[in-house]
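> In case you want the letters, here they are:
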Amino acid sequence: MLDTEGAAWTRRAQAGDLAAFDRLMRLHERRVSSTALRLLGNAEDSQDVAQEVFLRLFRFLDRVDSSKPLVPWLYRVTVNVCRDLGRRRGGRPTAPLEELAEPLATGAGSDPAAQLDRSEETRWLVADLARLAEKERAALVLRDVEGLTTQEVALALNSSPTTVRSQISRARLKLQKLRALRLAKGRPTGDRR
Amino acid sequence: MSCPEYKRLEFQELIALYAGGDLPEGQIFEVEAHLRGCSSCSQVAEELARTRNRLAALRSTGLSDDRLASVRGAVLARLAESRSAFPEGAVASGSLKSLSSRRPVFALALAAMLALSVGLAMWWSTRLSNEDLAGHAPPVRIADGAAERVATSPQAAPVSSAGKLPSQPPGPVVAPPSPGVVPAAAAASEPPTITPRPTTPTPMPSLPETAVAQVSAPLPTRGSIRSATVFTPPTFEPYRPTAEIQIVETHNAEDRVAASEQLRIQWVSDDSDLVMYWLVDTEEYTDEISD
Chain A
1 MLDTEGAAWT RRAQAGDLAA FDRLMRLHER RVSSTALRLL GNAEDSQDVA
51 QEVFLRLFRF LDRVDSSKPL VPWLYRVTVN VCRDLGRRRG GRPTAPLEEL
101 AEPLATGAGS DPAAQLDRSE ETRWLVADLA RLAEKERAAL VLRDVEGLTT
151 QEVALALNSS PTTVRSQISR ARLKLQKLRA LRLAKGRPTG DRR
Chain B
1 MSCPEYKRLE FQELIALYAG GDLPEGQIFE VEAHLRGCSS CSQVAEELAR
51 TRNRLAALRS TGLSDDRLAS VRGAVLARLA ESRSAFPEGA VASGSLKSLS
101 SRRPVFALAL AAMLALSVGL AMWWSTRLSN EDLAGHAPPV RIADGAAERV
151 ATSPQAAPVS SAGKLPSQPP GPVVAPPSPG VVPAAAAASE PPTITPRPTT
201 PTPMPSLPET AVAQVSAPLP TRGSIRSATV FTPPTFEPYR PTAEIQIVET
251 HNAEDRVAAS EQLRIQWVSD DSDLVMYWLV DTEEYTDEIS D
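Going down the list, the protein sequences come from chains A and B.
Take the first sequence: its letters are residues 1 to 193, numbered as in my numbering.
Take the second sequence: its letters are residues 1 to 291, numbered as in my numbering.
Incorrect hints may have been included.
Label-pair distances were calculated between CB atoms; the ranges are [said to hold, decoys possible]:
{"#": "1", "chain 1": "A", "residue 1": "R11", "chain 2": "B", "residue 2": "P24", "range": "33 to 43 Å"}
{"#": "2", "chain 1": "A", "residue 1": "E44", "chain 2": "B", "residue 2": "I28", "range": "37 to 47 Å"}
{"#": "3", "chain 1": "B", "residue 1": "S39", "chain 2": "A", "residue 2": "A127", "range": "23 to 33 Å"}
{"#": "4", "chain 1": "B", "residue 1": "E10", "chain 2": "A", "residue 2": "E120", "range": "26 to 36 Å"}
{"#": "5", "chain 1": "A", "residue 1": "A127", "chain 2": "B", "residue 2": "Q27", "range": "27 to 37 Å"}
List of simulated lysine-lysine pairs, DSSO-like, C-alpha gap at most 27 Å [what the hints assert, rightly or not]:
{"#": "6", "chain 1": "A", "residue 1": "K185", "chain 2": "B", "residue 2": "K7"}
{"#": "7", "chain 1": "A", "residue 1": "K177", "chain 2": "A", "residue 2": "K135"}
{"#": "8", "chain 1": "A", "residue 1": "K177", "chain 2": "B", "residue 2": "K7"}
Hints listed in this document are in silico derivations from the structure and should not be mistaken for laboratory results.
Glycine included, C-beta positions come from ideal geometry on N, C-alpha and C.
Whenever a hint applies, use it, and build me the whole structure from the sequences.
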């Protein structure tokens with residue numbers, strides 16, 4: 001997470017240069033927005049979150065140490081803002097996995113696995129992500145979507161690598177189980193959506 | 001799944017970690033030894049790895065340049081808007097320079113009193129239900145002897161405080177609650193008026209942690225406090241700076257200077273019957289007012 005370019009823009013933004021702050025946003029906007037989008041599953045909310053994260057960054061700019069990477073802080077704030085928004089929106093479904101796995105849109109007699117084209121897979125994967133427990137989802141998104149190391153995920157989530165590893169493995173297994181259940185449900189029943 | 005080993009949750013988790021490259025070397029050998037002789041577990045590991053690849057591909061999907069630009073534009077607009085809150089005449093372009101000298105304590109104390117009153121209000125408001133925050137918040141009463149003003153704001157909520165606000169930071173302050181009453185600033189000739197923030201769209205109107213209020217009050221000898229902005233804590237985090245308060249103060253016309261102070265508040269208790277906080281840090285900034 002070396003951030004030398006970011007450090008230069010940070011220093012200029014700290015001196016009151018709004019153009020430099022704009023560059024700083026451009027440098028980090030994709031990771032902030034992507035993380036928010038995957039954590040919330042909603043593009044509109046993720047835009048609000050990204051906006052809030054950058055406003056917070058501006059407010060805390062004078063306390064940012066430009067010699068240290070900004071990225072872990074950004075991830076942490078993004079996760080926190082998403083968590084707060086998620087809680088205000090009433091949380092996530094709590095039904096068992098068997099009930100959460102909706103059947104696939106497949107025709108009778110077809111092979112469900114073969115029916116899963118790429119976009120369909122992506123759509124279900126996003127839906128399944130939203131069904132994970134909050135902390136498991138955050139750990140998995142940072143590790144597998146954003147590509148952070150376990151150590152970096154732990155830093156961003158203010159947790160330990162051991163806990164993060166456990167959350168990641170459970171999240172991967174749940175996604176796997178959701179997919180398997182959906183394939184099983186979709187096989188004989190046809191389109192039930 | 002026919003493999004007896006896979007029935008153990010610990011082993012399932014090992015395979016899930018293996019598939020993502022998260023296992024230390026010693027355990028990799030252990031898992032690979034099993035996978036070589038177990039086709040069903042190999043199949044699971046492969047499927048897990050495929051899912052992981054699909055997750056990685058999500059990073060580049062669903063994010064258009066337009067959306068990103070829209071966020072950037074909204075942030076810059078908000079920042080420009082907050083800069084325009086400075087007094088008549090534009091603010092010099094290279095704004096927000098740290099002051100080297102400290103200003104008199106009384107101004108800080110007054111600022112702290114005003115800001116903390118609102119800070120408490122905002123903190124309290126985060127504890128309310130969504131319905132309250134949606135626009136049914138009770139009015140804030142500002143007690144100052146005979147003078148009592150009432151202002152209603154979606155962000156403003158009853159505050160618990162007995163008026164023992166810190167005048168000499170840093171130090172702990174304990175304020176037992178007395179719902180609905182906010183002490184007015186003793187040093188001001190008029191009690192401060194809490195007014196709702198103008199109805200400009202906020203970036204996250206539904207989030208309590210961005211609740212913002214403005215305080216204005218005349219400051220007889222040094223111009224006036226233009227506004228105090230309180231960013232309430234998203235959640236209670238003990239022993240961490242969790243609130244940011246920015247006070248913008250206008251000096252008199254001769255000074256031709258607008259100054260602002262930032263106060264950092266650290267909540268020490270989340271007990272609803274005990275409001276306790278530290279004033280941990282203050283920072284002052286100044287901007288020259290151009291002609």
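> All the hints need checking, so say for each whether the structure fits it.
Status of the hints after comparison with the structure:
Take R11/A and P24/B: their Cβ atoms lie about 38 Å apart, and the range 33 to 43 Å holds. The hinted window of 37 to 47 Å between E44/A and I28/B holds, with their beta carbons roughly 42 Å apart. Checking the proposed 23 to 33 Å range against S39/B and A127/A shows it holds: the Cβ atoms sit about 30 Å from each other. Between E10/B and E120/A the Cβ separation comes to about 33 Å, which falls inside the hinted range of 26 to 36 Å.
Judged by the Cβ atoms, the range 27 to 37 Å given for A127/A and Q27/B holds: they are separated by roughly 32 Å. Between the alpha carbons of K185/A and K7/B the distance comes to roughly 22 Å, so the proposed pair stays at or under 27 Å and holds. Note on K177/A and K135/A: the hinted pairing holds, with a Cα-Cα distance of about 18 Å set against a maximum of 27 Å. With a C-alpha separation of about 14 Å, the suggested pairing of K177/A with K7/B holds against the 27 Å cut-off.
In the structure shown, no violation is registered for any of the earlier numbered hints.
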